[in-house]
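According to full-length UniProt numbering, the sequence shown is numbered sequentially starting from 1.
Simulated from the structure, these hints should not be mistaken for laboratory data. Some hints could be false.
[Stated by the list, open to error] So the derived label-pair ranges between C-beta atoms look like this:
#: 1; residue 1: I64; residue 2: Q41; range: 48 to 54 Å
#: 2; residue 1: D27; residue 2: Y50; range: 30 to 36 Å
#: 3; residue 1: I64; residue 2: Q42; range: 29 to 35 Å
#: 4; residue 1: D27; residue 2: K47; range: 27 to 33 Å
#: 5; residue 1: E58; residue 2: Q36; range: 29 to 35 Å
#: 6; residue 1: A28; residue 2: M53; range: 33 to 39 Å
#: 7; residue 1: E58; residue 2: A38; range: 27 to 33 Å
#: 8; residue 1: D66; residue 2: Q41; range: 34 to 40 Å
This one's a predicted model, so the numbers in the text were calculated from it and none came from an experiment. We put the beta carbon where it would ideally sit given N, CA and C, even for glycine.
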Amino acid sequence: MDDEVVFGGPPDVGKMLGGEEKEEDPDAAKKEEERQEALRQQEEERKAKYAKMEAEREVMRQGIRDKVTSSGLL
1 MDDEVVFGGP
11 PDVGKMLGGE
21 EKEEDPDAAK
31 KEEERQEALR
41 QQEEERKAKY
51 AKMEAEREVM
61 RQGIRDKVTS
71 SGLL
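Throw the hints in and build the complete structure from the sequences for me.
Right under this line is the structure:
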């Protein structure tokens, strides 16, 4: 209780200000690896999604090109 009055805040204020070292999580490396793998997987899925969308757009563009060239506008 005296600590709160002297420091003007809760006793864990030192932790928030970086005064104490964080406890090392024993599974931190494993969790970080899993997080990185999840990010890689999400990025691959995103790229696949946009590649599919671009392929669909290209089919549409080709259809337009075919119509324009067959109608003699070019």
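Worksheet item: What hints, given by number in increasing order, does this structure fail?
Response: The structure breaks only hint 1.
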